[in-house]
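K.L.:
Listed below, chain by chain, are the residues.
Number of protein chains: 4
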Amino acid sequence: MTTFPINKANQIITGAFAKAAALKLKPLGVSVLDAGGHLVAFQRQDGASFLRPQMSSGKAYAALSVGMGGRRVEAIARERPHLTAGVSDLSGGKILPVAGGVLIRDNAGTVIGAVGISGDTSDNDEIAAIAGIETAGLTADAG
Amino acid sequence: MTTFPINKANQIITGAFAKAAALKLKPLGVSVLDAGGHLVAFQRQDGASFLRPQMSSGKAYAALSVGMGGRRVEAIARERPHLTAGVSDLSGGKILPVAGGVLIRDNAGTVIGAVGISGDTSDNDEIAAIAGIETAGLTADAG
Amino acid sequence: MTTFPINKANQIITGAFAKAAALKLKPLGVSVLDAGGHLVAFQRQDGASFLRPQMSSGKAYAALSVGMGGRRVEAIARERPHLTAGVSDLSGGKILPVAGGVLIRDNAGTVIGAVGISGDTSDNDEIAAIAGIETAGLTADAG
Amino acid sequence: MTTFPINKANQIITGAFAKAAALKLKPLGVSVLDAGGHLVAFQRQDGASFLRPQMSSGKAYAALSVGMGGRRVEAIARERPHLTAGVSDLSGGKILPVAGGVLIRDNAGTVIGAVGISGDTSDNDEIAAIAGIETAGLTADAG
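Those protein sequences? They're chains A, B, C and D, same order as listed.
Numbers 1 to 143, taken from UniProt numbering, label the letters of the first sequence in order.
Numbers 1 to 143, taken from UniProt numbering, label the letters of the second sequence in order.
Numbers 1 to 143, taken from UniProt numbering, label the letters of the third sequence in order.
Numbers 1 to 143, taken from UniProt numbering, label the letters of the fourth sequence in order.
If you are wondering where the hints come from, they were derived from the structure by calculation, not from laboratory data.
Any given hint might turn out to be false.
[Said to hold, decoys possible] With a Cα cut of at most 30 angstroms, we get these calculated DSBU-like pairs of lysine-lysine:
id, chain 1, residue 1, chain 2, residue 2
1, C, K8, D, K26
2, A, K94, B, K24
3, C, K94, B, K94
[Said to hold, decoys possible] If the Cβ cut is set under 7 angstroms, some of the chain C residues that face chain D in the computed set are:
id, residue
4, L39
5, N124
6, G143
Quantities reported herein were computed from a predicted structural model and do not represent experimental measurements.
Every residue gets a Cβ at the ideal spot worked out from N, C-alpha and C, and that includes glycine.
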């Protein structure tokens, strides 16, 4: 069962796209996953390439699978690539270990989902993800 | 590149959910794929189980991969199960060969994408998919 | 290394398309594989759905992998589905066990490759494959 | 549905082979993919090794999946190998992240497909791909 409400997921995507428009980012794919790593909502802007669904979900999945934001996930991938390779295998090849995957926390600090964005630079993807989460009144943890 | 506009995809999902509400269907997952079988938009209603993303996409992917609506896809699966099993293998296990995957055609009859819905009975899933496509002013081909 | 000449492969595809045009078949995908099961040439006609590359190759691969034309391959799939399922697994999911995969034999009767066609009915796919092989002056073995 | 015309795909292959002959390149495999990453046409020259179908398609698929020419794809693979490894996993192992995959753009700059070539050095593969695309009156984007 989903543990993340669809209306919040849609708010996140709307907020992320608004930030992307303000910053004139490239076309994005935005995935919102629940705490179990399952997709709640996804949108791909016109012109975004076709692997953006998997890439955006993969960033969010990576963050959720180890309970860390994508920035820390990517730092680990640089420092201990064998660890990240193992995690990827164990996940069934579902993770993209780079910035742009951001944990969503509630007011108590509990992880209730994650956002992954892919399309512009990883730094800009992350900025849009944080903006989306804050639009929905939730707390972003980019790592 | 996406070849199906995101605003049309969102209209389809909104239209499908409206039909589902009118018919009091169970919580749904709705996937809209472009002509190449790549996800453009997805939404999962509160209470829908976690495999609905893959199940809804799998119905749409099955229809697109052979150029037939899901109703015909399912009929073939009954008549020639070895054929459908082979297609599933060749697709990398991406297809769900049942009703509820509906091709989207433009005014010229060209396939421009597909909708897949999963959550209620296959018949009801299909009804919601057709309603969504028609909401967006496009032509549904359920097979 | 390829053991089937590209000029013969192209003649086969041209011949198959000519037969398809004469019979007004639906848009086809045509694969020509060498005796080792590796692709030599492929063409997909405008309007053919996107899994036709895998489906046409899968028919030819199935025929080559057991040294029988696709018609016999499909008969076995109906009679002993567990056998076909096992072969599919062993092949890494590369086979489509239906008619439309046709072995290519030289004048001595040796199998030197196979043609697979997908797009119309399996019977019509097979007719086009046989026509293509004969256009190239080779012998077709449909099983 | 294919979104790239077969006659243009064949012109590209003919043009690439003509360039290869002029430069005395080694035997090549040439894949032309539509915008959704699906094969439209492939030819493997006599003497080209048997994995050239996958290698040439993998270059084109890599370029399309992230919307960048193969030269940039390869640069990213050197700088952020964990990113490329993740993309490879997410694609189901379908990408070859090296030069020789070239995006095809129409006059408006829209990506409408990609060419991948494998058989000689990556630089020479790329030269032949660009020549093929220009033969068909289209614009090459090697990254």
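K.L.:
Are the hints correct? Go through all of them and say.
P.N.:
Against the structure, the hints:
The suggested pairing of K8 of chain C with K26 of chain D holds, with an alpha-carbon distance near 20 angstroms, which does not exceed 30 angstroms. Taken as a hint, the K94 of chain A and K24 of chain B pair is broken in the structure, with Cα atoms around 35 angstroms apart against an allowance of 30 angstroms. This hinted pair checks out: K94 of chain C and K94 of chain B have alpha carbons roughly 14 angstroms apart, not beyond 30 angstroms. The interface hint given for L39 of chain C is met, as the beta carbon of that residue sits about 4 angstroms from the closest beta carbon of chain D, less than 7 angstroms.
Using the Cβ-Cβ criterion of 7 angstroms, the hint placing N124 of chain C at the interface with chain D is not satisfied: the shortest such distance is roughly 19 angstroms. Interface hint status for G143 of chain C: violated, as the beta-carbon distance to the closest one in chain D is roughly 25 angstroms, over 7 angstroms.
Hint check: violations occur at hints 2, 5, 6; the rest are consistent with the structure.
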